[in-house]
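Student: Protein sequence lines correspond, in order, to chains B and S. Just so it is clear: in the first sequence, position 11 is 11 by my numbering, and no numbers are missing. Just so it is clear: in the second sequence, position 37 is 1037 by my numbering, and no numbers are missing.
None of these hints come from the bench; they were simulated from the model. Small disclaimer: the values here were computed from a predicted structure and weren't measured. Idealized CB from N, CA, C, for every residue including glycine. Be careful, since some hints might not be right.
Some, not all, of what chain B presents toward chain S, calculated at C-beta under 8 Å [claimed, not checked]:
{"#": "1", "residue": "N7"}
{"#": "2", "residue": "T18"}
{"#": "3", "residue": "L29"}
{"#": "4", "residue": "R31"}
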Amino acid sequence: MPDVPHNSGYMVAAYIVTAAILVGYALSLYRRSEKR
Amino acid sequence: MSLARKGRLITLIGLGLLALVYVRALAFTPVERLQGPAQKIYYLHVPAAIWAETAMFLVGLAGIFYLFLKDPRLDRFAEASAEAGTVFAGVVLTTGPIWGKPIWGTWWTWDARLTSTLFLFFLYIGYLLLRGAIDDGALRARYGAVLGICGMCLVPFIHLSVYLFRTLHPQPIVLKPSAPSLPGSMLVTLLLSFGVFTLLYVGFVMQRYALALAQAEQDERGAHA
């Protein structure tokens, strides 16, 4: 049986990038609505 | 409670639940034996892809109804949905290559699914640029509706591209005519994540709609002054 590949770094990177994009957009909406 | 506040609350709940999805995906969902931990990118990539495509479909539907009814609420919804869709398309186009590198051995390949998804992202950008470039509200809404309808026509092609062409991208294992071929625990994590992304879409659209409404009211005040 083949060993499970060790590639958790890619997984962590994807999870961080996704959180950054979603939180960043939420903050952008918040700042734009506060400006008005 | 105003629409913007409701949207903000839903977004905050969505982001909180996203943290729980992270915990479930990373700690309580089994590791796929062949792909390893990188397979867990699936739980973010797929819901983001579904909403990137659905958001464009809704932009197109709102565009069709706008052309008949001339209701500015439809145009505001289309604008809000397009911006949220751009964000989800951005998630798809970053998580995809990060997943592709360890599994396919390359960050990117010009196959039908990847190329058509990139085209969807450019369509979103083009849609937002077009709206930003036109001052006349009615003209902006009409042009936006036409471009949105073009984008809507692209969505089924993106979904079917893995069947129509020989691609490196795998075929759907959940959104297909037969039963999902995913173990129960993985399917539950995927469905939870999809629910959270749905909540985020709703929260984003409500907030963006409120912004568009405020802008329209400001423009109207400016026109009367």
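Student: With reference to the structure, classify each hint as holding or not holding.
Tutor: Tested hints:
| no. | hint | in the structure |
| --- | --- | --- |
| 1 | N7 | holds (4 Å) |
| 2 | T18 | holds (5 Å) |
| 3 | L29 | holds (4 Å) |
| 4 | R31 | violated (11 Å) |
Of the numbered hints given earlier, the model fails hint 4 alone.
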